[in-house]
Amino acid sequence: MDSEAGRAAVSVRGFSAYYGGKEALRDVSLDVPENCVYALIGPSGCGKTTLLRSINRLNDFVPSFSREGEIYVGGTEVFSLSDRRGTERLRRGIGMVFQQPNPLPISVRGNMALPLAEHFRVPRAEMDARIVDRMKQGAIYDELKDKLRSSALALSGGQQQRLCIARALMLDPPLMLFDEPCSALDPIATYAIEDLLSSLKRDRTIVIVTHNMEQARRVADYTAFFYLGKLVEHGPTERIFSQPGSRLLSDYITGRV
Amino acid sequence: MAGASIVVIALIFVFVFYKAAPVIGASGVGLALSGGFDTQVSKAFYAPAGSPTPAFGMLGLIAGTALSCGISTLCASVMGIGAAVTVCEFCGRRGAAFFIAVVRLLAAIPSVVFGLIGLIVVVPLVERLFITVDMQIEYLDYFQMTGRNLLSSVVVLSFMIAPTVVSLSADAIAAVPDSLRETGYAFGMGHFRVIWKIVLPSARPGVIAGVLLGAGRGTGEAIAVSMVCGGIGVIPSAGFGLMNLLAPTLPLSAAIINKSEAMGSGHVAGALFSCAALLLVLGALFSLTARVVSRGFGPGGSGGGIKA
Ligand SMILES: Nc1ncnc2c1ncn2[C@@H]1O[C@H](COP(=O)(O)OP(=O)(O)O)[C@@H](O)[C@H]1O
Ligand SMILES: [Mg+2]
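In order, the protein sequences belong to chains A and B.
Each residue of the first sequence is one higher than the last, beginning at 7 in my numbering.
Each residue of the second sequence is one higher than the last, beginning at 114 in my numbering.
What the hints contain is simulated information worked out from the structure, not anything from laboratory work.
Hints may contain errors.
In silico EDC-like cross-links for lysine to aspartate or glutamate, where the CA-CA straight-line distance does not exceed 20 Å [claimed, not checked]:
hint, chain 1, residue 1, chain 2, residue 2
1, B, Lys310, A, Glu94
2, A, Lys153, A, Asp134
3, B, Lys310, A, Glu124
Cβ-Cβ distance ranges computed for the label pairs, FRET-style [claimed, not checked]:
hint, chain 1, residue 1, chain 2, residue 2, range
4, A, Glu76, B, Ser292, 20 to 30 Å
5, B, Ser292, A, Val128, 25 to 35 Å
6, B, Gly303, A, Ser72, 15 to 25 Å
7, A, Glu74, B, Gly303, 46 to 56 Å
8, A, Asp148, B, Val394, 41 to 51 Å
9, B, Gly303, A, Pro180, 16 to 26 Å
10, A, Gln105, B, Val394, 41 to 51 Å
Beta carbons are placed, not taken as given, at the ideal position from N, Cα and C, and that holds for glycine.
Please take these sequences and the hints and turn them into a complete structure.
Structure, rendered in structure tokens:
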């Protein structure tokens, strides 16, 4: 098991999560291999977001949250980090993109510069070069190269979301978490982001929550299906969708759950 | 309804400027650039009926307003924004709601009560802490040094302005969505960095609106200040340095109260209406700017955290 945890980018072991007395996840174990897209699917309320926000310990900010079990990221058990610095360093290495695009109410450039400027003193020229590069990676540079100084709130939803992805890339995180990144976007913006995901996984690992099964099918190498807080089934996306191993999953795929 | 209030406001402006016109005409730019208001008022009061309108100089009063209001707005902003951040970010939702309710009560205290407390507590304290007999003698040629001075005015005004700053800032901070804070945490930022780089910038339009409305209240505030300011429009001098804080002062609004006993003379009335005219313009400027700023930037004016 330990060797497995070493090879996987994320390794979840016997993980249960609670909000007060209410159970949100029960005894989940799974491994996310490196350099792949791993999708978490399942009906609303089944605990996908809870798992995602446990990986970078963002759920620490929910007072009623508690958990059992372990999550390893790059070999480190995240809940063993007991001090503030440790968790902050952990989060720095994990990019997160939320369901609602959440640019700060400052300029496009200000948004891009923030994560890096927060942790390192970077000369201006270097910062600019890095911003251009990451905006290109985020497939947003051509659209926004003349709008670096304008407010990020003036962009369309799809542009805001890609800006948020590009912003998360500024710190070069080896692991990225996406929580239904397309649910607030129209189909064209959705395709733009799906394209982006496949180019991003070349040198990083991506965990994406989605309740759009077609999306999981299109972008994910592996898929895990959750139902009522339990991990029902997981494996290569191909197999999950062509030969569902459980009645629950096949019902979900055909839209009956 | 809105139309009626616009008409009333317009009439107030017309009336005040009509009453001020003779003095403004007789004084020209000297009205804003020269001093001596106190002696001019008493001269005008004893002038024989029918004499031509004398020139007035309000520089001392303008300086009094600028200094008392400027310094107290600065103090109130530091205290107020600090309090709003502390309460909203560290005291939990219920603690914050309770504190804000108390602060709103503070804002509703009549200003004469602030003045009374200033007179009973602040003035003697300032006199005991900062003023010695030696100093009084040293400055005897320039002004009379008592506890009623610029410093006392600043202290009283700060406590009157702070509630406005606190409650508008707190509203703006509370309206910053948690998703923006989480963005910061997800980048590995600590709580203080999130407050500094994310919460405050997002709340900025509301915070600035609070400061401007507070400054507006500061310029217009009359009763409380007139009770503790000393009542003489001394023009500050760079040579006195910090001693300017211990000199008596007379802001425009307090001057209207202070000199109103001399209103029997038409010329004095005209001079006081000139003060009122300037105050009207200042007040309008502050609240208009506050409006514009709080509307924020970006599409639909969602630039910051305030629900205007
Ligand atoms: N902050 C919270 N406080 C209390 N309960 C929560 C909280 N967040 C999520 N839950 C509950 O935990 C369960 C799982 O939620 P979530 O992880 O958001 O599911 P999903 O992302 O799959 O829709 C749901 O029943 C939800 O109501
Ligand atoms: Mg969710």
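To see whether the hints hold, each was checked on the structure:
A C-alpha spacing of about 16 Å is found between Lys310 (chain B) and Glu94 (chain A), which places the hinted pair at or below 20 Å, so the restraint holds. For the proposed pair Lys153 (chain A) and Asp134 (chain A), the alpha carbon gap of about 14 Å is at most 20 Å, so the pair holds. For the hint pairing Lys310 (chain B) with Glu124 (chain A), the CA-to-CA distance comes to about 9 Å; that is within 20 Å, so the pair holds. Distance hint check for Glu76 (chain A) and Ser292 (chain B): the Cβ-Cβ separation is about 28 Å, which falls inside the suggested range of 20 to 30 Å.
For the pair Ser292 (chain B) and Val128 (chain A), the beta carbons lie near 26 Å from each other, so the given range of 25 to 35 Å is met. Hint check: Gly303 (chain B) to Ser72 (chain A), Cβ distance near 23 Å, so the stated range 15 to 25 Å holds. Taking 46 to 56 Å as the suggested C-beta distance range, the pair Glu74 (chain A) and Gly303 (chain B) does not conform, at roughly 27 Å. Distance hint for Asp148 (chain A) and Val394 (chain B): a CB-CB separation of about 49 Å, consistent with the stated range 41 to 51 Å.
The hinted window of 16 to 26 Å between Gly303 (chain B) and Pro180 (chain A) holds, with their beta carbons roughly 22 Å apart. Taking the beta carbon of each, Gln105 (chain A) and Val394 (chain B) are about 49 Å apart, inside 41 to 51 Å as hinted.
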